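Asks: The primary structure of each chain is shown beneath.
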Amino acid sequence: MLPLIAYWSGLGRAWRRKRMLALYWFFHTLCAAAAALPLMAVAVPQLGRSRLGDELMRQFDLAWLAEIASAAGAAAPAVVFAILAASAVLLLGAVFLAAGAVPLLAEEGALYSPETFWRGAGRNFWPFLRLALYSFIPYGAAFAIAGLLRRGAQALWGEGLAARPLVLADYARMALLIVLFGLISTAMDFAKVRLALSGSRQSLRACFASLRLVWRNPGVVFWLWACFAATGAALAWAYVELAVRLEGGGAALVVVLVLLQQAYVLARIVLRFAAWGAAAELDPILRPLPAPEPTPAPVPVHDYQI
Amino acid sequence: MRRWLIALSASLPLCAQLAPPVASYDIRASLDAQKHTITGEQTLTWVNDSPDTVPTLQFHLYMNAFRNSRSTFFRESGGQLRGDRAAEDGWGWIQVNSMKLEDGTDLTPRIRCISPDDGNPDDCTVIEVPLSEPVRPGAALRVSMRFTTQLPKVFARTGYRGDFHLAGQWFPKIGVWETKGFRYAEKSGWNCHQFHANSEFYSNYGDYRVELTVPSRFVVGATGELVKRTDDAQRGTSTYWFAQPSVTDFAWTAQPGFLRVERMFEARKQTTPEELASAARLHGISLEDARLSDVKMIALIQPEHAEQTERHFQALATALKYFGLWYGRYPYRTITVVDPPHGAGGAGGMEYPTFITAGTSYRLPRDVLTLELVTVHEFGHQFWMQLVASNEFEESWLDEGFNTYSTGKIVDKVYGGTSLPLTVFGSNLWSWLRLPKLTQASMDRAAHVGTPVRDPLATRAWEFYDSSSYSINSYSRTGVALRTLEALLGEDTMARVMRAYHQRWRFRHPHSRDFQQVVQEVSGRDLDWFFSQFVFGSRKLDYAVSEIRNRRLDTPVGVFEKGGGKQTVTAKEARRRDEEREKRGEKPQYESWVKVERLGDAIAPQEIEIRFRDGHIERRAWDGQGRWAKFTFTRAAEIESATIDPQRRYALDVNLANNSRKADYNTALSTQWSVRLLFWAQNTMLWLTALV
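As they're listed, the protein sequences go chains B and U.
So for the first sequence, the working numbering puts the first residue at 1; every next one is plus one.
So for the second sequence, the working numbering puts the first residue at 307; every next one is plus one.
Hints were generated in silico from the structure; no laboratory data involved.
Note that the structure is a prediction, hence the values are computed from the model and not measured.
Backbone N, C-alpha and C define an ideal beta-carbon position, used for all residues, glycine too.
Some hints could be false.
Claimed, not checked - The following label-pair restraints were derived from C-beta to C-beta distances:
1. I83/B - R887/U: 41 to 47 Å
2. L833/U - E247/B: 40 to 46 Å
3. W738/U - I83/B: 23 to 29 Å
4. R672/U - V240/B: 15 to 21 Å
5. I909/U - R164/B: 40 to 46 Å
6. V240/B - D600/U: 43 to 49 Å
7. R566/U - R164/B: 19 to 25 Å
Claimed, not checked - Simulated coverage check for chain U against chain B, where a stretch passes if three residues somewhere in it have a Cβ under 8 Å from a Cβ of chain B:
8. 328-338
9. 737-750
What the hints assert, rightly or not - Okay, the calculated bits of chain B under chain U, using three or more residues with CB under 8 Å as the criterion:
10. 10-16
11. 44-55
12. 92-100
13. 153-160
14. 165-179
15. 210-224
16. 265-276
Work out the full structure, taking the sequences as your base and the hints as a guide.
Replies: Have a look at this one:
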């Protein structure tokens with residue numbers, strides 16, 4: 001029940017932050033636009049002039065993609081650099097916005113205002129960024145475990161004439177990797193909440209403490225992650241089913257498609273908020289905050305009077 | 307051995323003799339499944355069908371390509387081929403233990419390795435044997451040989467893995483004597499190339515009778531028809547007799563685990579009367595000539611692919627039908643398809659006469675047509691390699707490229723394109739995401755466009771710039787070139803060209819100029835410009851519409867001669883006159899022009915289609931010779947767009963997007979795609995947010 005309670009509570013916390021949701025979506029979209037611009041500059045202009053543009057893009061013609069790659073020619077390194085730069089923009093933007101949103105979702109009574117959002121973003125950005133970089137350690141470990149499993153399967157069945165055991169082992173390895181990624185991702189949510197609530201800047205400690213929390217409560221964390229993963233998958237399914245019906249339509253349908261795309265993005269942001277909110281809900285239950293340092297009793301003011 | 311051969315010849319109503327036998331083999335071989343060695347003895351009957359007196363013999367010992375890392379094959383390939391890597395502990399070789407003539411002359415001491423292509427002293431994939439008595443024109447020579455072949459671990463189309471064995475290019479095989487003037491021969495001599503990394507094979511037609519002894523637990527498949535099988539319970543071995551006349555090679559496979567399944571291709575059930583009538587009408591032949599024959603299809607399938615057995619048969623039946631209807635009936639009585647096991651992919655996707663290897667994977671999604679593509683393609687080599695036996699060493703485009711073209715037409719027609727494998731837990735996301743199917747035409751063109759044009763199509767296999775250039779030119783670019791030719795000639799004419807070429811050169815050895823000759827004969831057109839640039843040359847084709855301008859022809863301003871005097875028209879006056887004309891309902895005139903450019907070095911006649919805003923369409927022809935050309939129009943409507951090669955005949959053009967231009971920028975399209983890219987970036991960012 002605990003994961004479900006946290007899940008619903010997370011959704012509730014997200015729902016109560018509608019203004020923050022709008023602000024988050026807006027700046028999220030700005031970052032994405034900054035990242036997408038170089039790609040637009042490469043892919044779109046040539047076809048905007050071509051009579052075949054509609055046809056080539058609708059069919060996602062392989063030959064046309066090859067034409068673009070070929071036409072890029074000497075500019076290819078610049079395009080690769082643009083893609084890398086775009087990825088960096090996306091990563092920094094993601095961390096910055098999360099740094100603003102998490103404190104407001106973690107503290108039930110906190111009042112939202114753009115100022116508090118940006119203040120939180122500024123205060124928590126560096127700890128969150130460090131946390132993002134430290135998170136490569138557990139993700140790397142998950143990859144290493146999966147790699148070892150692959151080697152083991154190869155050693156056991158690699159020389160055989162049947163692919164079946166290797167393929168089944170690959171499914172199992174893939175499933176394990178997905179679950180490990182899910183657990184690590186949830187652990188990083190707990191770490192963010194802890195960093196935001198405690199005002200601590202010790203990202204590495206928060207990272208490992210949260211991984212320890214997951215290690216001690218694997219069932220609760222797994223089911224919490226599973227709830228969000230299932231919701232995300234359902235959203236993706238619904239989006240694809242609707243989007244394919246709108247593809248290739250007239251101007252009105254294109255507008256509807258754009259609205260649908262943004263609704264999908266919004267829904268995913270809500271899920272992200274809900275995941276942070278759920279982590280904030282569970283954190284004190286699974287890992288109570290240490291008792292506050294005893295504060296000295298206030299000294300009567302008149303004792304200082306000369 | 308001779309006894310059973312005589313009995314066999316008497317009892318067997320084998321296929322009619324289809325080609326005069328030049329190099330026929332009677333082979334007896336046994337497999338040591340533990341050591342993966344084949345011990346064999348063979349009698350070669352070679353007929354000198356040339357007017358020359360032949361003083362030596364040359365043989366291919368292909369398996370020596372895998373003898374060590376100093377062979378020409380290894381030097382060229384670096385031990386890697388088609389994504390496969392040679393095992394460090396899996397060398398292969400062949401040794402000729404003895405060679406004797408029918409009269410008892412021992413030729414063994416005279417055997418020496420030669421390297422006619424690169425002079426590599428460490429390569430022994432070709433041997434030469436001087437004869438005491440030259441072979442006179444028309445005479446037949448019988449040579450008996452004993453040999454031992456060590457199969458390599460599966461690599462480059464042949465070898466073993468576990469108890470799977472694929473024996474291809476496994477016996478000493480005589481080269482092709484080419485008399486002066488035959489194909490490109492400037493003087494008479496042996497055409498017997500070393501085994502190169504980028505190369506396949508070339509040999510004469512002959513009759514093969516092969517006796518294979520293997521452990522009884524093995525299931526065996528081979529070129530030709532199984533005549534009989536005997537079991538030796540004491541030794542635990544079985545002997546299989548196979549026979550096939552009029553083929554160029556013999557390959558076989560053995561593995562205990564094979565599921566052997568047979569189906570009949572029943573020609574009457576597979577083709578409708580309308581299809582036969584249509585083929586007969588198109589090619590001007592009788593219905594009887596158009597009719598196909600029944601063929602026994604044999605599949606040797608891995609047990610874990612059992613559920614894909616019918617897919618193999620369907621693909622084979624599709625190929626038998628269309629290759630038969632288009633080029634002529636398949637003349638043999640069997641076709642065997644082998645499904646290599648996991649880890650033996652290097653033996654997959656290969657063609658031998660009446661025997662092909664395909665390739666699939668465990669739980670291959672239904673909409674991923676790798677299995678169908680490779681099966682249809684390898685079967686296609688029965689037509690472009692086996693029946694029309696061009697020299698694969700020297701002109702790979704004539705077999706691989708022709709087959710890519712034919713395969714693509716069949717797969718696109720019957721299956722409508724394929725999904726790519728984007729599998730997660732065995733389910734293909736490609737279909738779920740409703741991504742469009744990819745046609746062979748599109749995939750071939752993508753490969754052509756994405757690879758620089760560096761070599762002519764007709765290049766000797768080992769003389770291409772690199773292996774990528776070899777494969778793109780031999781396969782995809784040829785496919786694109788033939789599609790271009792089809793568009794230029796028309797589909798029906800091209801169909802007649804291909805059938806005429808196939809029929810004329812069936813059981814013979816044509817070269818590229820022979821194909822050109824057939825094309826010109828059938829189409830009645832001089833296509834030297836096409837062949838010289840795109841087959842024997844390496845020209846890049848790229849035409850573009852580079853500029854569209856529309857200029858309204860307003861009343862001119864300035865000083866004009868009028869009535870012997872000078873008249874000045876001011877801007878104000880001109881505007882007034884224009885406004886008056888508009889009020890009268892006169893449409894303004896526009897001077898418009900289109901500039902087209904030749905960006906590549908290939909020259910091809912072009913058509914340009916110009917569309918005006920009032921719906922009017924103009925067409926102009928351009929010989930395509932100059933670097934650019936300008937077409938000017940004065941009409942009461944502006945140009946809306948211009949397209950060079952509007953019928954898209956030139957699939958060889960490396961940039962289709964620049965073949966047309968609109969006067970106005972397509973804002974809707976760019977907006978739509980900008981929004982889509984933005985959406986993808988938003989989602990990527992959300993994934994990053996979720997992970998870190």
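Asks: Evaluate each hint against the coordinates.
Replies: Status of the hints after comparison with the structure:
1. I83/B - R887/U: 41 to 47 Å: Violated, at about 54 Å.
2. L833/U - E247/B: 40 to 46 Å: 42 Å, holds
3. W738/U - I83/B: 23 to 29 Å: Hint holds: Cβ distance 26 Å, inside 23 to 29 Å.
4. R672/U - V240/B: 15 to 21 Å: 20 Å, holds
5. I909/U - R164/B: 40 to 46 Å: Given range 40 to 46 Å: violated, Cβ gap about 56 Å.
6. V240/B - D600/U: 43 to 49 Å: 47 Å, holds
7. R566/U - R164/B: 19 to 25 Å: 20 Å, holds
8. 328-338: violated (count 0)
9. 737-750: holds (count 8)
10. 10-16: With 0 residues close enough to chain U, the hint is violated.
11. 44-55: Satisfied; 11 residues make the cut.
12. 92-100: Since three or more residues must qualify, the claim that chain U covers the stretch 92-100 of chain B holds, with 5 doing so at under 8 Å.
13. 153-160: Contact hint for the stretch 153-160 of chain B vs chain U: holds, 3 residues under 8 Å.
14. 165-179: Coverage by chain U holds here, the residue count being 5 at a Cβ distance below 8 Å.
15. 210-224: Answer violated; 0 residues pass the 8 Å Cβ test.
16. 265-276: Contact hint for the stretch 265-276 of chain B vs chain U: holds, 5 residues under 8 Å.
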